[in-house]
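Here the protein sequences come in this chain order: X and S.
Each residue of the first sequence is one higher than the one before, counting from 248 in our numbering.
Each residue of the second sequence is one higher than the one before, counting from 461 in our numbering.
In case anyone wonders, no lab produced these hints; they're calculated from the structure.
Beta carbons are placed, not taken as given, at the ideal position from N, Cα and C, and that holds for glycine.
Careful, some of the hints might be misleading.
To be verified - Quick list of simulated restraints, FRET-style, between CB atoms: (1) Pro539/S - Thr267/X: 25 to 31 Å; (2) Gly305/X - Glu524/S: 27 to 33 Å; (3) Gln301/X - Gly513/S: 29 to 35 Å; (4) His257/X - Gln531/S: 25 to 31 Å.
For reference, the chains in residue letters:
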Amino acid sequence: AAGVIQSPRHLIKEKRETATLKCYPIPRHDTVYWYQQGPGQDPQFLISFYEKMQSDKGSIPDRFSAQQFSDYHSELNMSSLELGDSALYFCASSTGSYDGNTIYFGEGSWLTVV
Amino acid sequence: AQSVAQPEDQVNVAEGNPLTVKCTYSVSGNPYLFWYVQYPNRGLQFLLKYITGDNLVKGSYGFEAEFNKSQTSFHLKKPSALVSDSALYFCAVRDMRVAGGGNKLTFGTGTQLKVEL
Numbered sequence: 248a249a250g251v252i253q254s255p256r257h258l259i260k261e262k263r264e265t266a267t268l269k270c271y272p273i274p275r276h277d278t279v280y281w282y283q284q285g286p287g288q289d290p291q292f293l294i295s296f297y298e299k300m301q302s303d304k305g306s307i308p309d310r311f312s313a314q315q316f317s318d319y320h321s322e323l324n325m326s327s328l329e330l331g332d333s334a335l336y337f338c339a340s341s342t343g344s345y346d347g348n349t350i351y352f353g354e355g356s357w358l359t360v361v
Numbered sequence: 461a462q463s464v465a466q467p468e469d470q471v472n473v474a475e476g477n478p479l480t481v482k483c484t485y486s487v488s489g490n491p492y493l494f495w496y497v498q499y500p501n502r503g504l505q506f507l508l509k510y511i512t513g514d515n516l517v518k519g520s521y522g523f524e525a526e527f528n529k530s531q532t533s534f535h536l537k538k539p540s541a542l543v544s545d546s547a548l549y550f551c552a553v554r555d556m557r558v559a560g561g562g563n564k565l566t567f568g569t570g571t572q573l574k575v576e577l
């Protein structure tokens, strides 16, 4: 079965640079979520989109922005990168507005800021 | 706000023995509860969920979870542990704040399960 696809899987950036992460949800999934997981920590919610509109917002820094496109893929843009942004970034997707639907996660994108 | 707590950072169990990973929740209204597993440097894999109905929920890889409303718990269980079950387990609760989709999962702090021979 198709899963959530994230790219790139790994990237290394220098401080103050910009990074863009891409997420391709499971086919026919209309909702995308972004999470950040620091080393040894639980995933922290950043932002979500339902039907291409921002739905919920968590602890996402102002330096970060995201959007969901007409084909439902999503991109997370991170600017002025800081060392503390080094983390595993997950994208997840689900279908419909029913909260009982399962949210499926991608394998994550490892960001290292040096 | 919806939240879940995992009181144990680590659980050790011998292969073949039953395992339990604990989770308690705090929600307003009826909870939608989930368990995910994370292997090293990998994504989160869905194991099972409780939405409504039977309090005993069966999921992937032989795992099950028991929803207990009076104790506000949703413990993950497996009758016979395998070494390959060693991983990080997260309990999560679905937020129901926003109408119309996109409500997030809020995760517990995770429990590292170690199954030894």
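*Kindly confirm whether 27 to 33 Å is satisfied by the beta carbon distance between Gly305/X and Glu524/S.*
Given a distance of about 30 Å, which is inside 27 to 33 Å, the answer is holds.
*Within 29 to 35 Å or not, the Cβ separation of Gln301/X and Gly513/S?*
Holds: the Cβ-Cβ distance is about 33 Å, inside 29 to 35 Å.
*Does the Cβ distance between Pro539/S and Thr267/X fall inside 25 to 31 Å?*
At roughly 46 Å between Cβ atoms, Thr267/X and Pro539/S fall outside 25 to 31 Å, so the hint is violated.
_The hint says 25 to 31 Å between His257/X and Gln531/S; measuring C-beta to C-beta, is that right?_
Once the Cβ atoms are compared, 42 Å apart, the range 25 to 31 Å for Gln531/S and His257/X is violated.
Hints 1, 4 from the list above are not met by this structure, while the remaining hints are.
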